[in-house]
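K.L.:
Chain order of the listed sequences is W and F. The numbering used here numbers the first residue of the first sequence as 1 and each following residue consecutively. The numbering used here numbers the first residue of the second sequence as 1 and each following residue consecutively.
Everything labelled a hint here was simulated from the structure, so no lab data went into it. A quick note: this is a predicted structure, and the numbers were derived from the prediction, not measured. Honestly, I wouldn't trust all of these hints.
What the hints assert, rightly or not - A few chain W residues that face chain F, going by a derived Cβ cut-off under 10 Å, partial list only:
(1) 11
(2) 20
(3) 21
(4) 45
As the list claims (entries may be wrong) - Quick list of simulated restraints, FRET-style, between CB atoms:
(5) F:35 <-> W:82: 46 to 56 Å
(6) F:215 <-> W:32: 24 to 34 Å
(7) W:35 <-> F:170: 37 to 47 Å
(8) W:14 <-> F:109: 11 to 21 Å
Yeah, the Cβ is synthetic: ideal placement off N, Cα and C, and Gly gets one too.
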Amino acid sequence: MYNAKITVRMKKGLLDPQGTAIGGALKSLGYSQVKEVRVGKFIEVFINSKSKAEAGKKVEEMCKKLLANPVIEVYSYEIEEA
Amino acid sequence: MRFGVVTFPGSNCDYDCYNAVKRVLKEPVEFIWHAETKLDRFDCVILPGGFSYGDYLRTGAIAHFANIMADIKKFAAKGGFVIGICNGFQILTEAGMLPGALQRNNNLKFICKNVHLKCENNKTPFTAKMKKNQIVRIPIAHGEGNYTADLATLKELEKNKQIIFLYCDEKGRVTDESNPNGSMSNIAGICNKKRNVLGMMPHPERCSEAILGGIDGKFILDSIKKS
Numbered sequence: 001m002y003n004a005k006i007t008v009r010m011k012k013g014l015l016d017p018q019g020t021a022i023g024g025a026l027k028s029l030g031y032s033q034v035k036e037v038r039v040g041k042f043i044e045v046f047i048n049s050k051s052k053a054e055a056g057k058k059v060e061e062m063c064k065k066l067l068a069n070p071v072i073e074v075y076s077y078e079i080e081e082a
Numbered sequence: 001m002r003f004g005v006v007t008f009p010g011s012n013c014d015y016d017c018y019n020a021v022k023r024v025l026k027e028p029v030e031f032i033w034h035a036e037t038k039l040d041r042f043d044c045v046i047l048p049g050g051f052s053y054g055d056y057l058r059t060g061a062i063a064h065f066a067n068i069m070a071d072i073k074k075f076a077a078k079g080g081f082v083i084g085i086c087n088g089f090q091i092l093t094e095a096g097m098l099p100g101a102l103q104r105n106n107n108l109k110f111i112c113k114n115v116h117l118k119c120e121n122n123k124t125p126f127t128a129k130m131k132k133n134q135i136v137r138i139p140i141a142h143g144e145g146n147y148t149a150d151l152a153t154l155k156e157l158e159k160n161k162q163i164i165f166l167y168c169d170e171k172g173r174v175t176d177e178s179n180p181n182g183s184m185s186n187i188a189g190i191c192n193k194k195r196n197v198l199g200m201m202p203h204p205e206r207c208s209e210a211i212l213g214g215i216d217g218k219f220i221l222d223s224i225k226k227s
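Make a model of the complete structure from these sequences and hints.
P.N.:
The structure is reproduced here in structure tokens:
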């Protein structure tokens, strides 16, 4: 069994309204050093697979097909034995 | 003309669409359950608004893999008319049937109000009964209607005249103030290159009868009927 830890981020340059709102909230808490906040998603997938390489292949497919929208998002992942 | 309205788990404008086609347009219409296939008996399929699959992951992302969607792609490839309204538009972009994506409104709010739209292209089956630059008032109700695409896609849309509706003010001026959700170029609705797939965030089915407070949505329904 493998555990894929997948991060989905908004593409650089795209306006992130959630990040902007959270950034504003942090500043109002006194964190004047905050320059920018970007919000993404963290997804964990537990996957039965013979090898790490095979698990990686499947996870890559999942990201492309469903987990990220290539028009507005980019993804990255790490795979560990679970 | 035979219409079908797709119901996904979480669709909530399916009955509004059904009513608008049946009572206002007076055309035959039936519901299509998302697990069905085979759309041969229809001329036009509507993907209605709502929160299909709870909007989980991204709006429209999970609905795009419903059984019916493979057949909707085939149906559109054969020239059948497909209209995606609100969540339906989100599903069509996720499915790659229309370019771009709809992300969170730039003010983070769910916006439910009447907006003005300008008809940018009346040479489509969806706007044939409208005048070029005609201004209509149609309600929006969404949290993710912020149309986003890369510059190359925007240029392509403009070049092919695929931009159908723009958010504008009551005088037809396309301004930042009249853009409710941050959509690029004020885009409210687009079609595919072949002009048989339309996606729009505003809800024409909610304003097709005077008793509902407006009849501007009827221009779009009437256009389709004549196609």
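K.L.:
With reference to the structure, classify each hint as holding or not holding.
P.N.:
Now the hints, each set against the structure:
Interface hint status for residue 11 of chain W: upheld, as the beta-carbon distance to the closest one in chain F is roughly 9 Å, under 10 Å. For residue 20 of chain W, the interface hint holds, the least distance from its beta-carbon to any beta-carbon of chain F being 9 Å, beneath 10 Å. Because the closest C-beta pair between residue 21 of chain W and chain F is about 6 Å apart, less than 10 Å, the hint holds. This hint is violated: residue 45 of chain W has a C-beta 12 Å from the nearest C-beta of chain F, more than the 10 Å allowed.
Between residue 35 of chain F and residue 82 of chain W the beta carbons are some 33 Å apart, a value that contradicts the proposed interval 46 to 56 Å. Under the hint 24 to 34 Å, the C-beta atoms of residue 215 of chain F and residue 32 of chain W, about 53 Å apart, miss the expected range. Between residue 35 of chain W and residue 170 of chain F the beta carbon distance is about 40 Å. The supplied range of 37 to 47 Å therefore holds. Checked against the hint of 11 to 21 Å, the C-beta distance between residue 14 of chain W and residue 109 of chain F comes to roughly 19 Å, which is consistent with it.
In this structure, the earlier hints numbered 4, 5, 6 are contradicted, and the remaining ones agree with it.
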